[in-house]
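J.: Listed below, chain by chain, are the residues.
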Amino acid sequence: MISGNIITDFSLLILFLPLIAFIINIIFGKRLPRQGDWVSIGAILITLILSLSLLMNMLMNWDSDFSHEVVISWIDLGAFKVNLGFWVDNITVVMLVVVSLISSMTHIFSLEYMKGDIRYNRYYAYLGLFTFSMNGIVLANNVMSLYIFWELVGVSSYLLIGHWFEKHSAADASKKAFLTNRVGDIGFFIGIMIMFTAIGSFNFQDLFKGVSEGLVTGSLLTFAGLGLFMGAVGKSSQFPLHIWLPDAMEGPTPVSALMHAATMVAAGVYLTVRLFPLFSPEALTIIAYVGGFTALFAATIAITQNDIKKVLAYSTVSQLGYMILAVGVGNYVAAFFHLLTHAMFKACLFYGSGSVIHSMHHSLHELKDHDTDPQDMRNMGGFKSKMPITHWTMLIATLAISGVPLFSGFLSKDAILAGTLAFAQNYPQHFLLPIFGFGAAAITAFYMFRLIFMTFYGKPKIEKVFKGIHESPKAMTFPLVLLAGLSFFIFYTLPYFNPFSDHGWFTELIKARNSAVPGNPSAEEIYQGVHHAHYTAMALSLLVAALGIGLSYLMYIKEKFSAEAWAKKMGFLYKLSLNKYFFDENYNRFLYQPFLKLSRLVAYIDWDLYDKYFINGFGHVTKFLSKITGRIDYEGLDQTLVDGVGRTTQVFGEKLKQVQTGRLQNYMLFALIGVILILVFQAA
Amino acid sequence: MNHLLSWIIWLPILGMVSIAFVPRDKSEVIKKIAAVFSGLQLLLAIYLWRIFDASNGTFQFMERAEWIPSFNITYILGVDGLSLPMVFLMALIGFIGVFVSWNIDKAVKGYFSLFLLLNTGVMGVFLSLDFFLFYIFWEVMLLPMYFLIGIWGGPQREYAAIKFFLYTLFGSVLMLIAILALYFTCGNTFDMLVLIDTAPTALNGMLWWGMSAIKVIWVLLFIGFAIKVPVFPFHTWLPLAHVEAPTAISVILAGVLLKLGVYGILRVNYNMLPDGVFWFAGALAVLGLINVIWGAMCALAQTDLKKLVAYSSVNHMGYTLIGMAAVIAASEMNGENLISAQAGLGGAVFQMFNHGTISAMLFILVGVIYDRAHHRDIEGFGGLASQMPIYTAFVAIAFFAGLGLPGFSGFISEAMIFIGAFPIFKTVVIISTLGILLNAAYFLWAFQRMFFGPANEKYNDIPEINKRELFTVIPLAVITLVLGVYPRPFLDLIAATLNVLIESVVSYGGLAAAM
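If you read the sequences in order, they're chains A and B.
Under this note's numbering, the first sequence has 550 at position 550, and the numbering climbs by one with no breaks.
Under this note's numbering, the second sequence has 492 at position 492, and the numbering climbs by one with no breaks.
Hints in this document: simulated from the structure, not taken from any laboratory.
Since this is a predicted model, take the numbers as computed values, not measurements.
The reader is advised that the hints may include incorrect statements.
[What the hints assert, rightly or not] Far from chain A, some chain B residues (derived; all Cβ distances over 10 angstroms): (1) Gly39; (2) Phe71; (3) Phe99; (4) Phe147; (5) Lys458; (6) Lys467.
[Stated by the list, open to error] Cross-link-like lysine to any residue pairs, in silico, SDA-like; alpha carbons within 20 angstroms at most: (7) A/Lys81 x B/Glu503; (8) B/Lys458 x A/His168; (9) A/Lys461 x A/His361.
[To be verified] From chain A, some residues computed to sit far from chain B (all C-beta separations above 12 angstroms): (10) Ser3; (11) Ile27; (12) Gly162; (13) Gly458; (14) Gly550; (15) Met555; (16) Leu637; (17) Gln639; (18) Thr640; (19) Val645; (20) Gln682.
Just so it is clear, CB atoms sit at the ideal spot from N, CA and C, and this is done for glycine as well.
Chain A on its own, in the form it takes in the complex:
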């Protein structure tokens, strides 16, 4: 058993080692031998070992209430105090292992995949930044830290999606990812503000306590919950903010595996799992619908995509929808379980696609063919013989995601579907939720096998390219094998061996908490409901998985139905799906462009109208008035009045000077007249 202090130290190391690797590599990376990749790999492997020792500690403790919290003062203005810190419990530990494991695999996989890249050192540096931020989210004990690391994760995503920024599409995708996430983050922040205003703290435990004491209630609580959930909608790419994740595939494939499949996008789910006790029943219902709808909606897009990574991207969106759905129906432990199993098999699938793309790239490169798309499955086919390891590992992961027994996905998916079914049994008006769930399950099985069949089976589509295909090097196949191994059920049910029950260390150690909101069903009630629905759900999910796989087999292997003919028959629907329901086009047309136009108008008003005419108008009016004043002053006052006096004087002077004759007699005469006049006036 590890003491609290050691847990603190381990957590700090887990958090900061990748950051240190980032700082070293971003500054000195270029000058280090091998561009510093060993610094990053060393740091991440130590992180992995530390996380695994925390996991071992957890398993040895076998305490479902384990909790360890550390707090430091970040801001203290007297009344306004903010404490940051971290909180380690069993969920944290599992999540730390997921992040450091997938991150380690990505580091190793990239050794080959990114070999010779122009910004190799920066790539590794950013991976460190990402791991740091992601672990920050995982360790957070309060919504403020969570938000801080949330945004930092967004930046690392921005930097890595835009790794090949010379391509316009990559630059566009990175910006789109960041901005779409920010939309969600606005809601997140508003949620934080509502909570803080009511409760006066950011700390999770304080928030739970405050809500259970009724400091926030009613619709305000629902709004706060939905605000916080908006953050998850952005990060976990839920409808209607799902648009960024498929574009994010512009980033290097190992990055897609790490961030855009296994960990970062799961952060939204992690957030809802962490904050589950805060959500009001109304908020949870909306969450369930958003998740369920996304699960089905994204699956219908994945069917028609031909780009191997796009299929996986929409599959990720759909699977994240599953998890959100599980949170919405109250079965959030199942959501976290699926997060865990999904991280393994989805990362495996992405590495697999990376392996295929890498091989295609090489083959095309040798042919000097720059036009054929190395990611388009229509250019593949029959790779099974050339890439056996990639094929088998991907197949295992596909079995897992499709919900086939013996594999991890079967257990976690079943838990979610059972929860959904139980929810619909309690609230029959929400019958749509299980339909979303099972529908998506069937479609998932179909399109995942479509991917496998199109890539690895059938006849090679382009012979020349096929000739150059070969299995990837060990650094790439090792993560594949490891993660395919972790797609078997056994790792999640130990110490038990029943492939049809999720009972094991996970269910024993990760226990659901009661909601803090009065009126929500208790964890026990939810558990009982799930328990009852368990076998129905299992039978149904086996049925839909078989349906999906079977249909895919008939269509792509037996070619009983032609995919093209079906596409033609379904014309309109096919086009909708292929074009992702035209979301990008419509957002562009009805949101971005009008707003940009409005901004230009505002800028025009500001600069060319308001400033030029109104503000300068004051200047012009003043100038005009000055001119008038000037004219009055000069022509009126000076020229007319002042000079007028002068002129008058002059005129009088001119006239009067004639009086001055110089003759003495005249002067005497004037004097006499004067004297007489005086006398006359005095007499009068």
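Once you've looked at the hints, dock chain B against the given chain A.
T.: Leaving out everything else, chain B in the frame of chain A:
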């Protein structure tokens, strides 16, 4: 050290005098003298920071000397938690500004003399506690600014300079009227410490032309200061002045001069007319909101990088107004929400400082590319990231700091402002959070257009950012990062003063009912 504050104010003047004795063709010597004197001033400012007693919220290091006794005009200086960060900021940016100006080759002697004079003017405003002295420094600052833009500026420099001058002068005339009104109504004194005590009650119930005297004086002062901030609709001089001013002057303008407006509102309006705060807080929050959204939308539409950064200042200063308005939360009628008032006001003061460092960084970096490419058209670049990787990294730091990314200090101040203002101005805050999306949009879009995409071959040989330029940017980046990770060194410094200010605003707030 005795007269520490006087030394800080007058050191640049000593530098100016020294420069006067140097022949005009020895430009290296002139630059070095300017650097030495600004450097000494910076050291004194750091020293002041170190020995400042953060637990004391009142004025410290007071100096007092007779000046014009017949009019009760005194030379009073003092520093508190509100002015100290501004003094440090000015000293830092003044020092950095010398190195930013290193390329100046036209009339070097005149340039650096005026540059140092400007420094003294700004320092004087922050440190003087006599209204007359305050006003003198306020005007002293205007003059060098006029010449610095008008002589060393861009193509439209004369137009920009005259506009800046007239606009600001208009504001200072209103301010002068308000100062005289306070002088005559509050016992014939310019002593701000006395006014802070007497003005809140002396003006109570006084009516001028049927209007409350408090409101009249508040509005006069507010317009005077708002022009400096700049608050919408008094903001249009700013983009022009920025675009035309030489880089170092833009840096000082955005980094420090804009803060004079907010500082003035807090020092004068808040301290002397607390009743007016309650009357005006709603309007202040709404004006802040308009600044945020209007500034961001204008920035989004720009194609000139410097103008974009200028409008981003309008946007960022809007947040401070919203935060300042939150002070009224602490009053009795608003439920004595001291948490909210502290977060809002603290956020506003922190935001002033952060905008100082971040916008200075932004303008320096704009200058770097302008010096090389001789244009600032965002569309005219593309792919610079592969041609100037180090420069790109610093622009990325500055842009991310500007868009309020956690880890940079701007995030903390903006978050504090939002959290503080939210309980009282819910609608305003919710709409203004849109600003954080728009911030990100205009910065990232500009970043993409300039640095991403295929490299523009025209700039294949463009020289990378040099050591001198790095020397000007790195300190600012470090401060932004350090305070972004751990803000307590800054916030602890201002906490006591904030509480004094909140207390003084709130304790008179009860009188507001009488208005």
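J.: Can we confirm that no CB of chain B comes within 12 angstroms of the CB of A/Gly162?
T.: violated (7 angstroms)
J.: So B/Phe147 supposedly isn't at the interface. Is its beta-carbon more than 10 angstroms from every beta-carbon in chain A?
T.: Correct as stated: the minimum Cβ-Cβ distance to chain A is 20 angstroms, above 10 angstroms.
J.: Hey, does A/Leu637 actually stay past 12 angstroms from chain B on C-beta?
T.: holds (26 angstroms)
J.: Within 20 angstroms, alpha carbon to alpha carbon, are B/Lys458 and A/His168?
T.: holds (19 angstroms)
J.: Is it the case that A/Thr640 keeps its Cβ farther than 12 angstroms from each residue Cβ in chain B?
T.: Holds: least Cβ distance 32 angstroms, greater than 12 angstroms.
J.: Beyond 10 angstroms from every chain A Cβ: check whether that's true for B/Gly39.
T.: holds (27 angstroms)
J.: Would you say B/Lys467 is clear of chain A, with no C-beta pair closer than or equal to 10 angstroms?
T.: Holds, because the least Cβ-Cβ distance between B/Lys467 and chain A comes to about 16 angstroms, which exceeds 10 angstroms.
J.: Measure nothing beyond the straight line between the CA atoms of A/Lys461 and A/His361; if it is 20 angstroms or shorter, mark the hint as holding.
T.: Holds - the C-alpha atoms of A/His361 and A/Lys461 are around 16 angstroms apart, at most 20 angstroms.
J.: In terms of Cβ atoms, is chain A entirely out of 10 angstroms range of B/Phe99?
T.: holds (22 angstroms)
J.: In terms of Cβ atoms, is chain B entirely out of 12 angstroms range of A/Val645?
T.: holds (35 angstroms)
J.: Please confirm whether A/Met555 is truly not at the interface, meaning its C-beta sits more than 12 angstroms away from all C-beta atoms of chain B.
T.: holds (41 angstroms)
J.: With d taken as the least Cβ-Cβ distance between A/Ile27 and chain B, does d exceed 12 angstroms?
T.: violated (10 angstroms)
Of the numbered hints listed earlier, those contradicted by the structure are 11 and 12.
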